[in-house]
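First to last, the sequence lines map onto chains A and D. Under our numbering, the first residue of the first sequence is numbered 1, with each subsequent residue one higher. Under our numbering, the first residue of the second sequence is numbered 1, with each subsequent residue one higher.
Heads up, some of the hints might be wrong.
[What the hints assert, rightly or not] Derived lysine-lysine pairs resembling DSBU-like cross-links, with alpha carbons at most 30 Å apart:
{"id": "1", "chain 1": "D", "residue 1": "K8", "chain 2": "A", "residue 2": "K91"}
{"id": "2", "chain 1": "A", "residue 1": "K136", "chain 2": "A", "residue 2": "K115"}
{"id": "3", "chain 1": "D", "residue 1": "K115", "chain 2": "A", "residue 2": "K115"}
{"id": "4", "chain 1": "D", "residue 1": "K91", "chain 2": "D", "residue 2": "K8"}
{"id": "5", "chain 1": "D", "residue 1": "K8", "chain 2": "A", "residue 2": "K136"}
{"id": "6", "chain 1": "D", "residue 1": "K210", "chain 2": "A", "residue 2": "K136"}
{"id": "7", "chain 1": "D", "residue 1": "K210", "chain 2": "D", "residue 2": "K136"}
{"id": "8", "chain 1": "D", "residue 1": "K136", "chain 2": "D", "residue 2": "K8"}
{"id": "9", "chain 1": "A", "residue 1": "K136", "chain 2": "D", "residue 2": "K115"}
{"id": "10", "chain 1": "A", "residue 1": "K8", "chain 2": "D", "residue 2": "K115"}
{"id": "11", "chain 1": "A", "residue 1": "K136", "chain 2": "A", "residue 2": "K91"}
{"id": "12", "chain 1": "D", "residue 1": "K115", "chain 2": "D", "residue 2": "K8"}
{"id": "13", "chain 1": "D", "residue 1": "K91", "chain 2": "A", "residue 2": "K115"}
{"id": "14", "chain 1": "A", "residue 1": "K8", "chain 2": "A", "residue 2": "K91"}
{"id": "15", "chain 1": "A", "residue 1": "K8", "chain 2": "D", "residue 2": "K136"}
{"id": "16", "chain 1": "D", "residue 1": "K91", "chain 2": "D", "residue 2": "K136"}
{"id": "17", "chain 1": "A", "residue 1": "K115", "chain 2": "A", "residue 2": "K8"}
{"id": "18", "chain 1": "D", "residue 1": "K210", "chain 2": "A", "residue 2": "K115"}
{"id": "19", "chain 1": "D", "residue 1": "K8", "chain 2": "A", "residue 2": "K115"}
{"id": "20", "chain 1": "D", "residue 1": "K115", "chain 2": "A", "residue 2": "K91"}
{"id": "21", "chain 1": "A", "residue 1": "K115", "chain 2": "A", "residue 2": "K210"}
{"id": "22", "chain 1": "A", "residue 1": "K136", "chain 2": "A", "residue 2": "K8"}
{"id": "23", "chain 1": "D", "residue 1": "K91", "chain 2": "A", "residue 2": "K8"}
{"id": "24", "chain 1": "D", "residue 1": "K115", "chain 2": "D", "residue 2": "K136"}
In short, the hints are calculated from the structure, not lab data. This one's a predicted model, so the numbers in the text were calculated from it and none came from an experiment.
Number of protein chains: 2
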Amino acid sequence: MTSTPAPKILAFDIFGTVVDWHGSIAREVDALQLGVSGNDFALAWRAGYQPAMQRVRSGELGWTRIDELHRMVLEQVLEQFGVRRLDDAHKSHLNRVWHRLDPWPDSVAGVTRLKTRHTVCPLSNGNIGLLTNMAKRAGLPWDCILSAEVFRAYKPDPQTYLGVASTFDVEPGEVMLVAAHHDDLAAARACGLLTAYIERPLEFGAAAPKDVSPRAGNTLHCASIVALAQRLGC
Amino acid sequence: MTSTPAPKILAFDIFGTVVDWHGSIAREVDALQLGVSGNDFALAWRAGYQPAMQRVRSGELGWTRIDELHRMVLEQVLEQFGVRRLDDAHKSHLNRVWHRLDPWPDSVAGVTRLKTRHTVCPLSNGNIGLLTNMAKRAGLPWDCILSAEVFRAYKPDPQTYLGVASTFDVEPGEVMLVAAHHDDLAAARACGLLTAYIERPLEFGAAAPKDVSPRAGNTLHCASIVALAQRLGC
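Construct the complete structure from the given sequences, taking the supplied hints into account.
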């Protein structure tokens, strides 16, 4: 019999874990009828995400919000796909698709249940405005919005994971990171946090299902956020 | 006929505007039966608040959260009132009374109505953890928690007021500060924000009613947060 972990704070990765960036962007790009595949466009845009943040982590760029990094990558992707008919206002609107990402079907119900017994917040590299607009549109009832922007550091910088514990004046072991990405969870674990892996096999679209098999080290492995709520007795 | 201002973001001062620090602290201190007047104790604790922040603003202290500043002032006040029987755990618990402040009777209803058409958040010198715990206990449905801690500057530093606009990528004139304090509102106005004064005649207790008469310069002057919601058509 496994004991139930008792985190006070549940901090959620967002892109891929709580919301479906791939499907949301593919749908919006397809609807724009730009003559490009929404699936390919979404994957290319997301592929530029880590390299863009790396420019901040390395110090090549000063602190830069994800909204701006997304825009820089968007310009590259539009060029790469040969899309030239979007003016600045349309590009700005498209760039804010990251504020309009749809949650996975279980996310709102799961977070709502978890909120009854835990403090729930994002811990995302997305900026505060993006995460707030997303939550308001999707009905995600966070207790507060934590973000790389609060700590002026991008995950997997330890300042982000330890920053959650410090924000609430609790021990790292009283915080659980909830994420669909093993590298994020491993970095949190190295800081002493509890970890819960959430299976999101369709994160990269139905054409490229992701391996979601369990790996050693995580405190919990759950099929969904609702399953996590059940596991934590909420 | 006055036109209705249309702020996108409503940022609320918290201590005194949304929650009743005086009554909450006085009740808790009276219940502890320390042999001191809860009313006097609350006023003395709050009186140390601005001088403590001033030590941070002046650079004498590095960035220090309000929880820590409250604790420093608490030690002085306990000394001043000759209270010696609280051990460290009890002092820590009492210090967190600022996380347990009760909202004014109209606050939850007013913010809930305003949330339907605006983004609502605190802009308080309280730290993120304090404001989150307070909101969770009181049922204040903020869209996100903004705080001096996010901007690493205490009001009335312009970085705080302009930081709200920057966070949401809007103009300062699309943000309205809601507060029961004319100095806070004046500093926000100097940064280009809209302002709404809320009457809180009992902020310092029934024994010392506050002058809440209108002053020139504020966009709106309202008897309560519910009255503000009515005024903004929510």
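Taking the hints in turn, this is what the structure says about them:
This hinted pair checks out: D:K8 and A:K91 have alpha carbons roughly 22 Å apart, not beyond 30 Å. With a C-alpha separation of about 16 Å, the suggested pair A:K136 and A:K115 falls inside the 30 Å cut-off, and the hint holds. This hinted pair checks out: D:K115 and A:K115 have alpha carbons roughly 19 Å apart, not beyond 30 Å. At most 30 Å may separate the alpha-carbon atoms for a hinted pair to count; D:K91 and D:K8 exceed this at roughly 41 Å.
Taking the CA atoms of D:K8 and A:K136, the gap is near 13 Å; set against the 30 Å cutoff, the hint holds. The suggested pairing of D:K210 with A:K136 is violated, with an alpha-carbon distance near 36 Å, which exceeds 30 Å. With a C-alpha separation of about 29 Å, the suggested pairing of D:K210 with D:K136 holds against the 30 Å cut-off. Straight-line distance between C-alpha atoms of D:K136 and D:K8 comes to about 24 Å, which keeps the hinted pair within the 30 Å bound.
Distance check on the hinted pair: A:K136 and D:K115 sit about 9 Å apart at the alpha-carbon level, within 30 Å; holds. Between A:K8 and D:K115 the CA atoms are separated by roughly 27 Å; this keeps the pair inside 30 Å, and the hint holds. About 22 Å separates the Cα atoms of A:K136 and A:K91, which keeps this hinted pair within 30 Å; it holds. Under the criterion of a C-alpha separation no larger than 30 Å, the hint pairing D:K115 with D:K8 is consistent with the structure, at around 10 Å.
Of the supplied pair hints, the one linking D:K91 and A:K115 holds, its CA atoms being roughly 28 Å apart against a limit of 30 Å. Of the pairs offered as hints, the one joining A:K8 and A:K91 is violated, with about 41 Å between alpha carbons and a cut-off of 30 Å exceeded. Proposed proximity of A:K8 and D:K136 is supported: the alpha carbons are some 13 Å apart, at most 30 Å. For a cut-off of 30 Å, the pair hint linking D:K91 to D:K136 stands: about 22 Å separates their Cα positions.
The suggested pairing of A:K115 with A:K8 holds, with an alpha-carbon distance near 10 Å, which does not exceed 30 Å. Distance hint between D:K210 and A:K115 is unfulfilled; the C-alpha atoms sit about 38 Å from each other, more than 30 Å. For the given pair, D:K8 sits about 27 Å from A:K115 by alpha-carbon distance, which is consistent with the 30 Å threshold. Proposed proximity of D:K115 and A:K91 is supported: the alpha carbons are some 28 Å apart, at most 30 Å.
Distance check on the hinted pair: A:K115 and A:K210 sit about 28 Å apart at the alpha-carbon level, within 30 Å; holds. Simply put, A:K136 and A:K8 have alpha-carbon atoms about 24 Å apart, close enough for the 30 Å limit, and the pair holds. A C-alpha spacing of about 22 Å is found between D:K91 and A:K8, which places the hinted pair at or below 30 Å, so the restraint holds. About 16 Å separates the Cα atoms of D:K115 and D:K136, which keeps this hinted pair within 30 Å; it holds.
Hints 4, 6, 14 and 18 from the list above are not met by this structure, while the remaining hints are.
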